[in-house]
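Enquirer: One-letter residues, chain by chain:
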Amino acid sequence: MEIVRLDPKTVAIREIDPFAARLLRRIPVEADPGGDRAARGRLFSKPAAGGQGRQARELNEEWQQYVEPELRHLFQSANETVSDDLKNIKQTGSVGGVELYDLEIPIKHLEQWLNSLNQARLVMAARNGFTDAELDAEYPTIINSTRDMNLLQIHFYGFMQEYFVREMG
Amino acid sequence: MTETVIEKKTKGKTEPSLPWNVVVHNDPVNLMSYVTMVFQKIFGYSRERAERHMREVHYQGRSIVWSGNREPAEHYVHQLHGYLLLATLEKSE
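The listed protein sequences correspond, in order, to chains A and B. Per my numbering, the very first residue in the first sequence carries number 1; after that it's consecutive. Per my numbering, the very first residue in the second sequence carries number 170; after that it's consecutive.
For the record, the hints were derived by calculation from the structure and aren't laboratory data. Incorrect hints may have been included.
[Claimed, not checked] Once the Cα atoms are required to be at most 16 Å apart in a straight line, the calculated EDC-like pairs of lysine to aspartate or glutamate come out as:
| # | chain 1 | residue 1 | chain 2 | residue 2 |
| --- | --- | --- | --- | --- |
| 1 | B | 210 | A | 58 |
| 2 | A | 108 | A | 167 |
| 3 | B | 260 | A | 58 |
| 4 | A | 87 | A | 102 |
[To be verified] So, partial list: chain B residues that the calculated Cβ filter (under 8 Å) puts toward chain A:
| # | residue |
| --- | --- |
| 5 | 187 |
| 6 | 233 |
| 7 | 247 |
| 8 | 255 |
[Claimed, not checked] If you want a taste of the chain A side facing chain B, the calculated C-beta under 7 Å gives, among others:
| # | residue |
| --- | --- |
| 9 | 49 |
| 10 | 53 |
| 11 | 67 |
| 12 | 74 |
| 13 | 121 |
| 14 | 125 |
| 15 | 132 |
| 16 | 133 |
| 17 | 161 |
Where a beta carbon is used, it is the ideal one built from N, C-alpha and C, also for glycine.
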């Protein structure tokens, strides 16, 4: 798989194998924290650290009431953009019996992709309680559990983020 | 005598209120390149300054990325949360 700039308005992800296609399709799914308290807490963090004292409590309460709905809308909108773009994955051939796909993404959607990828990475990290050491280590090459799979996804989505950040810079 | 009068009039009126700090905290998930890009986008910082703050966050655990009045400080924290960075608002001591 490779990510290339196709033209001034488009990037393309080429030669996506079925496994990578599955990981891509799961971005909006993984970005949903569901009822996981740690994941929700990470997506909607509080503006006053610790929340100690009346002023901090009031700020955190106001934030929850007024800012969180806006953030929820922003995150949802990014996930919808990614979901819509993912509908355009097309099979372009096969090598050795393995199907290969391409996906074109408008440059103007990269900010939403970055946001959605970030949501997915943060939610998976919070849900699994990954340590700094686990996140800094090499990604697992043998997948034995959902936890291993999520760690691989965090690295895979991070690789995509690195490319998109470079394109936006 | 004139000086005394001025002092009485200004006391309590021009005493500057403490500024608010926008603090970004370390997060093992967010990429360094992403954090740098966000600082450039939100604050209009040069790449060098954005990277300096990013390194402070990464190596020292936190960086004060902006200081000033409460209202714009809240706005910046709101924007940083939109980019999913761990940001808080703190009153200067």
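Enquirer: Compare the structure with each hint and give your call.
Expert: Here is how each hint holds up against the structure:
no.	hint	in the structure
1	B/210 / A/58	violated, 29 Å
2	A/108 / A/167	holds, 11 Å
3	B/260 / A/58	holds, 14 Å
4	A/87 / A/102	holds, 11 Å
5	187	violated, 12 Å
6	233	violated, 13 Å
7	247	holds, 6 Å
8	255	holds, 6 Å
9	49	holds, 4 Å
10	53	violated, 10 Å
11	67	holds, 6 Å
12	74	holds, 6 Å
13	121	holds, 5 Å
14	125	holds, 5 Å
15	132	holds, 5 Å
16	133	violated, 9 Å
17	161	holds, 6 Å
In this structure, the hints that do not hold are numbers 1, 5, 6, 10, 16, in rising order.
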